[in-house]
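> Residue numbers (the numbering used here), protein chains in the order written: chain A, 1 to 549; chain B, 1 to 519.
Mixed in with the good hints, there may be bad ones.
If the Cβ cut is set under 10 Å, some of the chain A residues that face chain B in the computed set are [unchecked claim]: (1) Asp144; (2) Val148; (3) Ala187; (4) Ser196; (5) Tyr209; (6) Thr212; (7) Arg273; (8) Arg308; (9) Asp309; (10) Asp337; (11) Leu347.
Listed next, the stretches of chain B that the computed footprint assigns to chain A, with coverage defined by at least 3 CB atoms under 8 Å from CB atoms of chain A [claimed, not checked]: (12) 37-49; (13) 214-225; (14) 354-365; (15) 412-418.
Keep in mind that the hints were calculated from the coordinates and are not lab data. Ideal Cβ placement from N, Cα and C applies to all residues, glycine included.
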Amino acid sequence: MLAMCCRLVVMQGQPSSPFSDVTAESGIDFHHHNGATGNLLLPEVIGAGGALFDYDNDGDLDLFAVDSGAIPGTTPFVSRSRLYRNDLDPATRRIRFTDVTERSGIVTTGYGMGAAAGDIDNDGWIDLYVTSLGSNQLFRNRGDGTFVDMTAASKTDDPRWSTSATFFDYDRDGRLDLFVVNYVDFAVAMKRECFSSGGARDYCNPVVYTPTPDRLFHNNGDGTFTDVSAKAGITRATGRGLGVLAADFNEDGWTDLYVANDGDGNQLWINERGSGVFRDDALLAGVAVNRTGQAQGSMGIDLADIDRDGDEDLFVTNLDNESNTFYVNTGKGLFEDRTSEFGLFRLGFTGFGARFFDYDNDGWLDLMVVNGAVRHLPAQVRKGDPYPLKQRNHVLRNESGRRFVDVTAAAGPAFDRLDVARGLSVGDLDNDGDSDVVIFNNSGPARVLRNDVGNRQHWLGVRVLDRGGDAVQATVALVRRTGVPLMRRVQIDGSYCAVSDPRLLFGLAADAATQSVRVRWADGRVEEFRDLAPDRYWILEAGKAPRVQ
Amino acid sequence: MTRALVFLVVLAIGGATSHAQDVGAIAPVRPELLAVPMPSFDELESIVANQFREQRTAFERVATQVKVSDKDLAAAYYALGRICHAYEFFDAAEASYVNALRLTPQDGAALHLLGYLYQQTGRYDEALERYSAARRAKPNDPVVRAHLGEVYLHVNRLADARDIFQDLVDVFPVVARAGLGEVALRNGRFSEAVEHLEAAVARAPNAASVHYSLGMAYRGLGRLEQARSHLAHRAAGSYHPADPLVDSLTTLVRGERAHVVLGRRAYEAGEFEDARAAFSKAVEAAPSSAEARVGLGMALAQIGNAAPAIEQLQAALRIDPDNTTAHTTLGVIFLRLGREAEALEHLRVSFRREPAEETAGPLIRLLLKLSRSDEALDAFSRARSFSVDDEGTVLGLSILLADRGRFRDAIELVDSAHRQFPERVRTATTLARLLAATPDRTLRDGQRALTLATRVYEAQRSPVHGESMAIALAELGRCQEAAAWMQRATAEADREGDITTAARLRAEAPRYAGSTCRP
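With the rest of the complex left out, here is chain A:
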């Protein structure tokens, strides 16, 4: 009774829902343009995403939002991808962004889709890759607040329709390589017209277009990259690719790639131990198709240890008539589709961005999925909505690793809204110890949702660095006095066309004690860091004492 009384008192003084929409007050005024001409062209409904990354190394996350603009072959229109600097006041923790696009020198020229971020030259400054329908662009961060377009010099362009991309080090040479996902061979002149069963015009199923192969670029370490796709075997199979995530799926110490394809089987490119060759083993691993053997229209991806058994489980978003799919890792790189068992089977929503994160810092990774249809929704058509693809986003709470429960209704007014969501980036924008969210909407605004509940519990934040940059793919285990360690991996990709905070947050619930973590570096070395006080961010570097951010 006493506990209940105190809990109610606490509740009265605090926000009643986990997330508040602070877009306007944060200074984010980005609106995505899809270049719709009324001809219902497929690219209109595919973009776009964005990135959360600390481009100016001031300790807070900045925001890059990708605009699409005019589809090549239609009315000229300049896309306006934007870079916003986070001018966080450490005292008040008020999130305040300033549009620094002009000053930054970033000028995107294509019909934008997504972004990847990583320090390609190990100079300590995070660089940016922007994917497009048409040429992609690589921007090198000069470290003075400006970027230079080094696409041509670096040889990282891909003229195809690229969607997601990721930086990862496949050969463990200490340099980030680049993987670019390509979708279909599209041109306006192809004139594909599609209809609903009743005969009304609608957006096409991508099967009417030819899939195109993905691309792997090896980082030569001198500012240039080499296209090694054919040599690596990546071009051996094509798919209509939309999402990508790099991780060591078979736990052999080498980073693999998982690609979400739209209507084709998903691919799990197993890295043949750094030899430069990859082989697709998605079918045997159990992650190519769903449990009925059907390839799905897959878009977004995330991978994390949601049941605290020490290995990572996989979530893939799909079309509204398919349900998203959740694959449990059963060990040794094998997975099983257990969507229904975990309460995640649901029709009626087309999922794009998705991310596991512990929004309430109870130690269990929850799930957010952002949605938006790709074919007209009858109820919205009847209401005369000019863009009838809008859907609600979802928050699902992890119930002790056994199943997920939909808590959207209690997640805040921001989740009552209907949008056409695509990219989802997650990160602690105000450095207060819980994960905030940025949702990138198609033909709509980017929305900033502040987490108002996570830091009511204790937490531990870590940024893991190697050679000055984020130690992508390093795993960090929080050692617990009882039970198995909490495992997290330094990840900058996944979701859909988006980049998230590379820092790791461990929810500690009521545990206010100092903590220890074990870092497994990319080369396999394990290092323990002890006596980390909670409720702050620590910077961990190999062989160095931890320091507070």
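Position chain B relative to chain A; hints supplied.
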């Protein structure tokens, strides 16, 4: 057209819509009934719009009768529900069926279709409720029980699912065995799963989903080769029970566009006979539809009816002379029939309009066959992407590229083909020789050439493959070994009585004799 196809409609159009403004729902006829949110007719295909108008008129004729009986009004709602259901206007169909059931609660057919609608839309608890009621209304109907089993599987009520499927073994053996296998698989009883699923596959060898479950069961047993084989089985085919009530919905579908949607989906699923049937209906509904005729032509071509396929595709081009798919398909059919001039004409048009992989491949193959080297290379250069699935085309192109000094392009092309088809001996041999002896020395990779040549020789011993060994060794500067391999290859040619090769090898042999044998 089967029930499977109805389900494909669902997959194809999930969220099918009308673009028109809402013309308003059909108001509830009685206070206890629901409004039916009808689609607007404005932008529906006219034949479909007329069908809806007629159905609405028929409904209103019944509904406005002064003393309409519950039974008659329920029948009118049921008929309205079926047509809405057939076109995937789920909300309208649901309201209609619910109204029918409020008027006649024991109507087994309405319960059955409403249960099916809920199953299609993922509302499994409601589906269970309706199917259970339908089972009470129609206790001897095995189809309802089969659907119940499917839903129990979906909601992971494995014991209930097992009970249902055990009862159905004699009635629907494939459905029952597949269901029992799936239950066993989820319970981790892999041997039992294999037993049931093998029995199901024996009766339905094309049912891809059963193969998938079987593959997973073999994986669970650690029998990975069998697992891979079944997991990769992508043949189209379903094992669902015949459901006359659901199948009857398909017969309501009218209009070109709906049938084109059906045809495309069936074609993509590899169900070419169903695709042919759907596209035929589309052509019947709209003889001037190029899209319908192209679809019909493609489906006919797939099932080997070349002459009627050509007829349909040519008819399509009379309607739409720029239709790239029609040109490409015609080109490919003519190519197969050896009518090269006609094939070339169509393939050139399609490539000019869309220089993509699907148009480039057949054109380049034909140009190589006709020795039109420059045009073949030009097409290769202009293609936005290019398939390497035809060995002859790849090797022919690589020779042309090398002849013109484009050694890097040649190596990349053959390398890509080799990685895709590592078992192809000619491709591996060509790659080995290019890597060992390409005039641009910066592109050479003697070690890889030797690895490839060794693999080829071990797989297929022949004088020519022995010579590949010598070439690779020479590139590595291992001249003595290279010379020995040349002798060996020559001796083999002699043994085989291949005088020409033996003479050529003898003529080449002196190149390997010295200490600077690198080509």
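> Next, verify each hint and record whether it holds.
Status of each hint after checking the structure:
Interface restraint check for A/Asp144: the shortest CB-CB distance to chain B comes to about 38 Å, outside 10 Å, so the restraint is violated. Checking A/Val148 against chain B by beta carbon gives a least distance of about 29 Å; that is not within 10 Å, so the hint is violated. At about 7 Å, the closest approach between the beta carbon of A/Ala187 and any beta carbon in chain B falls short of 10 Å, and the interface hint on this residue holds. For A/Ser196, the suggested interface contact is upheld, since its CB lies about 4 Å from the closest CB of chain B, less than 10 Å.
Hint status for A/Tyr209 relative to chain B: holds, with the closest Cβ pair at about 9 Å, below 10 Å. The restraint placing A/Thr212 at the interface with chain B holds, with a minimum CB-CB distance near 6 Å, inside the 10 Å limit. Given hint, A/Arg273 at the interface with chain B, is violated; its Cβ is 17 Å from that chain's nearest Cβ, farther than 10 Å. Annotation: A/Arg308 was flagged as interfacial toward chain B, and the flag is violated, the nearest CB pair being 21 Å apart, outside 10 Å.
The restraint placing A/Asp309 at the interface with chain B is violated, with a minimum CB-CB distance near 16 Å, outside the 10 Å limit. Because the smallest distance between the Cβ of A/Asp337 and any Cβ of chain B comes to about 9 Å, under 10 Å, the interface hint for this residue holds. Annotation: A/Leu347 was flagged as interfacial toward chain B, and the flag holds, the nearest CB pair being 3 Å apart, inside 10 Å. Residues of the region 37-49 of chain B lying with their CB closer than 8 Å to a CB of chain A number 7, which satisfies the three-residue condition for coverage.
Figure legend: the region 214-225 of chain B, annotated as covered by chain A; annotation consistent (4 residues with Cβ-Cβ distances under 8 Å, at least 3 required). With a threshold of 8 Å between beta carbons, the proposed coverage of the region 354-365 of chain B by chain A holds, since 4 of its residues qualify and at least three are required. For the region 412-418 of chain B, the proposed coverage by chain A is satisfied: 3 residues have a C-beta within less than 8 Å of a C-beta in that chain, meeting the threshold of three.
In this structure, the earlier hints numbered 1, 2, 7, 8, 9 are contradicted, and the remaining ones agree with it.
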